[in-house]
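Listed here are the chains, written in short residue letters.
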Amino acid sequence: DTGVSQNPRHKITKRGQNVTFRCDPISEHNRLYWYRQTLGQGPEFLTYFQNEAQLEKSRLLSDRFSAERPKGSFSTLEIQRTEQGDSAMYLCASSLGTGVRSTDTQYFGPGTRLTVL
Amino acid sequence: GDSVTQMEGPVTLSEEAFLTINCTYTATGYPSLFWYVQYPGEGLQLLLKATKADDKGSNKGFEATYRKETTSFHLEKGSVQVSDSAVYFCALIQGGSEKLVFGKGTKLTVNP
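Top line first, the protein sequences correspond to chains A and B.
Okay, so the first sequence: first residue is 589 according to this note's numbering, each after it adds one.
Okay, so the second sequence: first residue is 547 according to this note's numbering, each after it adds one.
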């Protein structure tokens, strides 16, 4: 059973650099989500894709953040001109969206921990 | 906006003790409610869920009942084990949205 995978698991970068994270969802899942989790807090929603379409974005997703899912399979999250406040765990999740009302389980990956120096 | 409030942790219990972790929510309409668990070094896993009022979610000895009148979804287990040590997150999804809204999490430590 292949779950959600994320790469890299850890990333240390200097302020002002760009970083990109990758998420590979469970293979048959059509929905993919990105969340951010800071220390001592619950995950916060960033954005969500259904197939290749980005359907919902949080106000947390500033202009420096961009996410893509070009072929409806894997997704990338890029942060440009990183700031120290971007340091967090970035979580990816996927689900098999089967209906209008979302009660489908979101399966989470292990996360990418970003540290901005 | 929608929000979830969990009891502050950490919670420390002895093995076989009774567990309650309180969770209340604020939302318009009728959200679906979830408990996720994060074991040390692992990703978030769904523990249980309930999609409408008075539904009871249950899994691995844990239970939670969707109480619309008190806007609550408290997590309970009759007899905890050391292996239940983890961080527990209460969450909701509002109808028409795909985003999970999480509480801050409650860290549970069970001592032998």
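The hints are simulated quantities; they were obtained by calculation from the structure and are not laboratory data.
Among the hints, erroneous ones may be present.
Claimed, not checked - Using C-beta positions, here's what the derived DEER-type ranges look like:
1) Gly604(A) <-> Ser560(B): 24 to 32 Å
2) Lys614(B) <-> Arg647(A): 23 to 31 Å
3) Thr574(B) <-> Glu640(A): 18 to 26 Å
4) Glu562(B) <-> Gly673(A): 22 to 30 Å
5) Gly624(B) <-> Ser654(A): 42 to 50 Å
6) Leu705(A) <-> Asp600(B): 28 to 36 Å
7) Gly628(A) <-> Glu562(B): 26 to 34 Å
8) Ser560(B) <-> Ala641(A): 47 to 55 Å
9) Thr608(A) <-> Ser560(B): 28 to 36 Å
10) Gly685(A) <-> Glu562(B): 21 to 29 Å
11) Ser661(A) <-> Ser560(B): 16 to 24 Å
12) Ala563(B) <-> Ser654(A): 22 to 30 Å
13) Ala641(A) <-> Gly624(B): 40 to 48 Å
14) Gln672(A) <-> Asp548(B): 38 to 46 Å
To be verified - Take a look, some chain B residues computed to stay more than 10 Å from chain A by CB distance:
15) Met553
16) Thr558
17) Glu588
18) Gly589
19) Ser643
20) Glu644
21) Leu646
22) Val647
23) Lys650
To be verified - With a Cα cut of at most 27 Å, we get these calculated BS3-like pairs of lysine-lysine:
24) Lys602(B) <-> Lys650(B)
25) Lys599(A) <-> Lys623(B)
26) Lys602(B) <-> Lys623(B)
27) Lys653(B) <-> Lys599(A)
28) Lys645(A) <-> Lys599(A)
29) Lys645(A) <-> Lys650(B)
30) Lys602(B) <-> Lys653(B)
Computed from a prediction, not measured in an experiment: that's the story for all the values here.
Glycine residues also receive a C-beta, built at the ideal position from the N, C-alpha and C atoms.
So, going through the hints one by one against the coordinates:
no.	hint	verdict
1	Gly604(A) <-> Ser560(B): 24 to 32 Å	50 Å, violated
2	Lys614(B) <-> Arg647(A): 23 to 31 Å	28 Å, holds
3	Thr574(B) <-> Glu640(A): 18 to 26 Å	30 Å, violated
4	Glu562(B) <-> Gly673(A): 22 to 30 Å	43 Å, violated
5	Gly624(B) <-> Ser654(A): 42 to 50 Å	47 Å, holds
6	Leu705(A) <-> Asp600(B): 28 to 36 Å	51 Å, violated
7	Gly628(A) <-> Glu562(B): 26 to 34 Å	29 Å, holds
8	Ser560(B) <-> Ala641(A): 47 to 55 Å	50 Å, holds
9	Thr608(A) <-> Ser560(B): 28 to 36 Å	46 Å, violated
10	Gly685(A) <-> Glu562(B): 21 to 29 Å	40 Å, violated
11	Ser661(A) <-> Ser560(B): 16 to 24 Å	47 Å, violated
12	Ala563(B) <-> Ser654(A): 22 to 30 Å	47 Å, violated
13	Ala641(A) <-> Gly624(B): 40 to 48 Å	45 Å, holds
14	Gln672(A) <-> Asp548(B): 38 to 46 Å	29 Å, violated
15	Met553	13 Å, holds
16	Thr558	17 Å, holds
17	Glu588	7 Å, violated
18	Gly589	5 Å, violated
19	Ser643	7 Å, violated
20	Glu644	5 Å, violated
21	Leu646	6 Å, violated
22	Val647	7 Å, violated
23	Lys650	5 Å, violated
24	Lys602(B) <-> Lys650(B)	22 Å, holds
25	Lys599(A) <-> Lys623(B)	38 Å, violated
26	Lys602(B) <-> Lys623(B)	13 Å, holds
27	Lys653(B) <-> Lys599(A)	26 Å, holds
28	Lys645(A) <-> Lys599(A)	24 Å, holds
29	Lys645(A) <-> Lys650(B)	21 Å, holds
30	Lys602(B) <-> Lys653(B)	23 Å, holds
Taken one by one, the earlier hints fail for this structure at numbers 1, 3, 4, 6, 9, 10, 11, 12, 14, 17, 18, 19, 20, 21, 22, 23, 25, listed in ascending order.
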